Amino acid sequence: MNEFVRGGLYGGGIIVGIMSSLLFVLWAERKMAARMQSRIGPNIIDPTGFLQAMSDVLKLLQKEDIIPEKADRALFNLAPVFGAAAALAVAAVVPFSASIVGADLDVGVLYLLAVGAVSVLPVFAAGWGSNNKFALLGAMRAIAQSVSYEVPLVLAALVPVMLAGSMKVSDIVAWQASHHWLVVWPFFLGVPAFVLFMLAMLAESNRIPFDIPEAESELVAGITTEYSGMKFGLFYMTEYLHTVIASAVAASLFLGGFDGPGGPGIWWMVIKTFVLVVAIYWLRWSLLRFRSDQLMALCWRWLVPSGVVLVVATALWVVFAA
Amino acid sequence: MAVKEQRTIDTGTGFRHPLYQVMLETPGLTVGTAVLDDLLSWGLTNSMWIFPMATSCCGIELMATAASRVDIDRMGVIVRATPRQADVMVVAGTITTKMAPRVLKLWEQMPEPKWCIAMGSCAISGDFYRNLYSVVPGIDTFLPVDVYVPGCPPNPEALMHGMLRLQEKVKRQKQGETVTPEPNPDLLKITRPSVPRLNDPTRSTIQTIEQERASTNPTADEACAPLVVAATEPPPNLAPLTAADFEGLLKELGVTTLPPDGPPIIPAAQHLELARRLKGLGYHLLVTIVASHWPAGKGRKGADAAEVEHYEVAYALRTVGQGSRVATWAVKVPVAEPVLTLSGVFAGADWQEREQYDLVGVKFAGHPDLRRLMLTENASIHPLRREFPADAAAAPWR
Amino acid sequence: MTQLTVSARPRPNPYLPIDSLDPEAELMLLHFGPQHPSTHGVFRMDLYLDGEIIVKAVPYVGYLHRAVEKLCEKLTYVQQTPIVDKNDYVAPMTNEQALVMVFEAMLKLEVPRRARWMRSLFAELQRIASHLLAIGTFSLDLGGALGGGSTAFIYCFRERELILDLFEDVTGSRFHYNTHTIGGNRHDLPVGWGAKVKAALELIESRMPEFAALTIENHLFQQRTKGVGVLEGALALELGITGANLRASGVDHDLRRDAPYSAYDEVKVKVATASGGDCYARSIVRVEEVKESIRLCRALLDGMPEGPINSGKPVKLPVQTKIPVGQTYVGIETPRGELGTWVIADGTQNPYRLKIRPPSLHALAALPYILPGQTVSDAVAILGSLDPIMGEVDR
Numbered sequence: 000m001n002e003f004v005r006g007g008l009y010g011g012g013i014i015v016g017i018m019s020s021l022l023f024v025l026w027a028e029r030k031m032a033a034r035m036q037s038r039i040g041p042n043i044i045d046p047t048g049f050l051q052a053m054s055d056v057l058k059l060l061q062k063e064d065i066i067p068e069k070a071d072r073a074l075f076n077l078a079p080v081f082g083a084a085a086a087l088a089v090a091a092v093v094p095f096s097a098s099i100v101g102a103d104l105d106v107g108v109l110y111l112l113a114v115g116a117v118s119v120l121p122v123f124a125a126g127w128g129s130n131n132k133f134a135l136l137g138a139m140r141a142i143a144q145s146v147s148y149e150v151p152l153v154l155a156a157l158v159p160v161m162l163a164g165s166m167k168v169s170d171i172v173a174w175q176a177s178h179h180w181l182v183v184w185p186f187f188l189g190v191p192a193f194v195l196f197m198l199a200m201l202a203e204s205n206r207i208p209f210d211i212p213e214a215e216s217e218l219v220a221g222i223t224t225e226y227s228g229m230k231f232g233l234f235y236m237t238e239y240l241h242t243v244i245a246s247a248v249a250a251s252l253f254l255g256g257f258d259g260p261g262g263p264g265i266w267w268m269v270i271k272t273f274v275l276v277v278a279i280y281w282l283r284w285s286l287l288r289f290r291s292d293q294l295m296a297l298c299w300r301w302l303v304p305s306g307v308v309l310v311v312a313t314a315l316w317v318v319f320a321a
Numbered sequence: 000m001a002v003k004e005q006r007t008i009d010t011g012t013g014f015r016h017p018l019y020q021v022m023l024e025t026p027g028l029t030v031g032t033a034v035l036d037d038l039l040s041w042g043l044t045n046s047m048w049i050f051p052m053a054t055s056c057c058g059i060e061l062m063a064t065a066a067s068r069v070d071i072d073r074m075g076v077i078v079r080a081t082p083r084q085a086d087v088m089v090v091a092g093t094i095t096t097k098m099a100p101r102v103l104k105l106w107e108q109m110p111e112p113k114w115c116i117a118m119g120s121c122a123i124s125g126d127f128y129r130n131l132y133s134v135v136p137g138i139d140t141f142l143p144v145d146v147y148v149p150g151c152p153p154n155p156e157a158l159m160h161g162m163l164r165l166q167e168k169v170k171r172q173k174q175g176e177t178v179t180p181e182p183n184p185d186l187l188k189i190t191r192p193s194v195p196r197l198n199d200p201t202r203s204t205i206q207t208i209e210q211e212r213a214s215t216n217p218t219a220d221e222a223c224a225p226l227v228v229a230a231t232e233p234p235p236n237l238a239p240l241t242a243a244d245f246e247g248l249l250k251e252l253g254v255t256t257l258p259p260d261g262p263p264i265i266p267a268a269q270h271l272e273l274a275r276r277l278k279g280l281g282y283h284l285l286v287t288i289v290a291s292h293w294p295a296g297k298g299r300k301g302a303d304a305a306e307v308e309h310y311e312v313a314y315a316l317r318t319v320g321q322g323s324r325v326a327t328w329a330v331k332v333p334v335a336e337p338v339l340t341l342s343g344v345f346a347g348a349d350w351q352e353r354e355q356y357d358l359v360g361v362k363f364a365g366h367p368d369l370r371r372l373m374l375t376e377n378a379s380i381h382p383l384r385r386e387f388p389a390d391a392a393a394a395p396w397r
Numbered sequence: 000m001t002q003l004t005v006s007a008r009p010r011p012n013p014y015l016p017i018d019s020l021d022p023e024a025e026l027m028l029l030h031f032g033p034q035h036p037s038t039h040g041v042f043r044m045d046l047y048l049d050g051e052i053i054v055k056a057v058p059y060v061g062y063l064h065r066a067v068e069k070l071c072e073k074l075t076y077v078q079q080t081p082i083v084d085k086n087d088y089v090a091p092m093t094n095e096q097a098l099v100m101v102f103e104a105m106l107k108l109e110v111p112r113r114a115r116w117m118r119s120l121f122a123e124l125q126r127i128a129s130h131l132l133a134i135g136t137f138s139l140d141l142g143g144a145l146g147g148g149s150t151a152f153i154y155c156f157r158e159r160e161l162i163l164d165l166f167e168d169v170t171g172s173r174f175h176y177n178t179h180t181i182g183g184n185r186h187d188l189p190v191g192w193g194a195k196v197k198a199a200l201e202l203i204e205s206r207m208p209e210f211a212a213l214t215i216e217n218h219l220f221q222q223r224t225k226g227v228g229v230l231e232g233a234l235a236l237e238l239g240i241t242g243a244n245l246r247a248s249g250v251d252h253d254l255r256r257d258a259p260y261s262a263y264d265e266v267k268v269k270v271a272t273a274s275g276g277d278c279y280a281r282s283i284v285r286v287e288e289v290k291e292s293i294r295l296c297r298a299l300l301d302g303m304p305e306g307p308i309n310s311g312k313p314v315k316l317p318v319q320t321k322i323p324v325g326q327t328y329v330g331i332e333t334p335r336g337e338l339g340t341w342v343i344a345d346g347t348q349n350p351y352r353l354k355i356r357p358p359s360l361h362a363l364a365a366l367p368y369i370l371p372g373q374t375v376s377d378a379v380a381i382l383g384s385l386d387p388i389m390g391e392v393d394r
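Just so you know, the sequences run in chain order D, L and X. When we follow numbering that gives the first Met the number 0, the leftmost residue of the first sequence carries the number 0, and every step to the right adds one. When we follow numbering that gives the first Met the number 0, the leftmost residue of the second sequence carries the number 0, and every step to the right adds one. When we follow numbering that gives the first Met the number 0, the leftmost residue of the third sequence carries the number 0, and every step to the right adds one.
In short, the hints are calculated from the structure, not lab data. Careful: at least some of the hints might be erroneous.
Said to hold, decoys possible - A few chain X positions that, by computed beta-carbon distances, are all more than 12 Å from chain D:
no., residue
1, Asn12
2, Leu15
3, Asp168
4, Pro323
To be verified - Now the in silico label distances, taken between C-beta atoms and shown as ranges:
no., chain 1, residue 1, chain 2, residue 2, range
5, L, Leu28, D, Arg72, 27 to 33 Å
6, D, Arg72, L, Lys168, 33 to 39 Å
7, X, Ser205, L, Asp260, 49 to 55 Å
8, L, Pro266, X, Ser19, 32 to 38 Å
9, D, Ser98, L, Glu167, 36 to 42 Å
10, X, Gln221, D, Val277, 22 to 28 Å
11, X, Gln78, L, Lys104, 31 to 37 Å
12, D, Ala73, X, Gln221, 41 to 47 Å
13, X, Gln78, D, Asn130, 46 to 52 Å
None of these values were measured; they are calculated from a predicted model. Virtual Cβ for every residue (Gly too), placed ideally from N, Cα, C.
With the sequences and hints as input, model every part of the structure.
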């Protein structure tokens, strides 16, 4: 089959799959949050509340689309679309099973780091284009945060790359299948790298406790303050896309990807991703948030040095022990 | 089905999605629109996000409605802090004339389709504040209200019920069973608060407000000079003055008779001295400043018809710690004259004096920042003066 | 972690015009409020920002000015309790108490012992409810409506509902009880109510550790609050700040102990203070006060005397209660500090002038002094930790 046709078909399938999984993620998060707060969560629309996300989307589609008079129209309108696109583009190199992968690039890890870094641009465009001070403050925070947390993210991602000796994501998964999952052995490298990667990913995707760019209690709604209707819906969706895809990437790099007991398969990927998603939401609904300067201090004082130590240790391990 | 085909689409001027408009105008798609209509109204009614216009007591019950006992999230309601993403504005609490233009502005910032719930008697009618100078007698004087939730404040269950009624209303509107009623002709007679629009040249911009402030503020003089002091430890607790000691202190300042019906009246020139002395003696806590207006012929016990119109400004200080005592004194000045400010001695006197200036009208000499505190900056009234009526006539926009 | 604040710094001068702070006009002016999720009602601050650092803060109040003092001049003395209920709408019980106590002082009425004990019991229950709400909304400010903050907030509200239920049993209303009258109380305690109170207190006490783990023991909470918004004791006194905010600044002052009223001369209060004067100190003082109030409630319930709940003074028409000419000030310790009422009576059925001393107004006056040098995030935390209620600020 033609490479492009195959990529297009699988890519389309992956996008549809991820988007439809969002409905489930939205439902699961809302119900989980409700249970954590000793509430019930949506149950009037239907007994399980599963249709709530669909209702929200239908509602948002019907809302008036307001563009502030003095907004930068081009940036304001493009930001939500590019945001969602940048989040989805990361999924291209993630192998969901041995065959289901959009494009198994030789420099897959480099690609996902690079595209992941692009996702801050729509945030900046939204903040600047809205012509709103709260949005601008949010965008300022988001940029400082993303640029800083890029460093520990790269350092953490280097650990599986060095161990597997390849930048291809499927090679990393294959290496884990033939050796051990990275968090199992060598766990003294794998577990810290995994934690570092998850922390940096949380910060990159602006989740609590690192969600200061859209801190509702301080900045009203941060970068999305001026967005109404489905444009806001896209931002809302992008948040969840980031979470799901970041979890999928972490599962591939550190938790053995689609490999698992009883043979490899897409179900392993789904299970691992959702376990990580639930963990992220668990954190979200139980933690408060940092202040922006504390966030920077955490990154540059703790995460970056420990990332450097980790990379050096991995190099020594690869040269002498493995 | 026949009923559905006959349905009239409401002809309000509300917003309609362009796609929906195209479907309405295409012949043969009427059945499609009927089904689509149901689907869309299902989406609208089950995902009503609240913009909490919470000003007072009802705001607390609004929060309680979101909490675990009633849990308004059960019907898909979440609270959004920005008006751009909300569908229902819940006006929970009293709306004052100072706040009303902001409420209207926020309402205009909400995207169509949008609804409004008036929660509580203050939002519905102004409650017992309705005839006073600063309160809007019901938000329906300037906002289109869809559902009224009565109570003071309504229970969380009542608000939940109100939301369910709103759902019903939206469904019926979509099915053309209800139409927007003609506006009440009585309502049209009410003069609404004028809200300057963005391009209105009369609208005072930030710069002009700043300029006004700069021109009205007195320059910082001696009175506010000692405010910049280094941080110190809290002062030690001294033994409070006995009544006899206080009397002695007053005698030193030239006050011989203690009136039976209120705090002793100190000569206006000496009251700062008294405040400093008391502060040195352990009265560290500024309790309050009360100004009262006395028209000609009225006053304390024994005042005769020759009494001129005057202000009486009373002060209270307190000692800290065990056996706390209050010391009070008053200053009496004719209406034209100012009182010396206490803000050089107690930083907290700043806001207290601003409030008394705002509401009673007494002026404070040497105050670093004598602006209105409660009313809007361009207000021309001093409502706590005796001649000011407690009734509606004086409400600025009625 | 870096802390942007230095605890001992010269007191900023809030009266410096912005031009002298910012001659190049490079600062950003952020209008914070009057409708903002974290302003605790309708309150506005103009923040002049250098990046995220606040250079100057100008607070504006009065967006909820309901003219209560004018209304009270119009109404007779007995008609005023339901009005003042709405001032501090988080603690209506203590509002009523502050009002009727000054009338009783002017009429020289003796309040029966049972009524005084009931008032103290109501006040302590109200203090628990109010502090729970304060800490809940404070964590909402720190953690956001869609995150851990809202979890802590909802836990606080869940506990608060228990106390509202108790008040509903006595007075028939969740809010705005109107149960204090001049000379005593209107509603007696229902049969079996004491057991309900004890069960509710038991439940609240058992949940305190869970709730503390989410807030004051939480590492993130401590990082966001320690050293933030330091208010020195001397400044607090000068500004007239009272209550938990003053005690957090190291000043040992509580009217319940220092000028006892109601039942506090018989049931002694242990006063919680903290040094530091930062947001964290204010929070831990509130948590300690909740624990102390639980203890006081139990003591008050156990020793609740029998007897009449009203002075029973024969008044044909309560509306015609007249207060002799005079001026009196009475202040009591509410959850937010010293709430006082100054009444000028002229011998008629209506007061000549009635001034309410709201503790929250004094607390807000501290903002221009403690905000400069902090970040926008801290501004939210500081405002939340001062626990202002706009209803009583603006009246």
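Consistency of the hints with the structure:
1. Asn12: At about 25 Å from chain D, Asn12 (chain X) clears the 12 Å cut-off, so the statement holds.
2. Leu15: Answer for Leu15 (chain X): holds, closest chain D Cβ roughly 23 Å.
3. Asp168: holds (23 Å)
4. Pro323: holds (51 Å)
5. L:Leu28 with D:Arg72: 27 to 33 Å: Taking Cβ atoms as reference, Leu28 (chain L) and Arg72 (chain D) lie about 32 Å apart, which means the hint holds.
6. D:Arg72 with L:Lys168: 33 to 39 Å: Given range 33 to 39 Å: holds, Cβ gap about 35 Å.
7. X:Ser205 with L:Asp260: 49 to 55 Å: holds (53 Å)
8. L:Pro266 with X:Ser19: 32 to 38 Å: holds (37 Å)
9. D:Ser98 with L:Glu167: 36 to 42 Å: violated (52 Å)
10. X:Gln221 with D:Val277: 22 to 28 Å: The hinted range 22 to 28 Å holds for Gln221 (chain X) and Val277 (chain D), with Cβ atoms some 27 Å apart.
11. X:Gln78 with L:Lys104: 31 to 37 Å: Cβ of Gln78 (chain X) to Cβ of Lys104 (chain L): about 36 Å, so the range 31 to 37 Å holds.
12. D:Ala73 with X:Gln221: 41 to 47 Å: With Cβ atoms ~44 Å apart, the hint holds.
13. X:Gln78 with D:Asn130: 46 to 52 Å: holds (51 Å)
Hint compliance for this structure: hint 9 is the single one not met.
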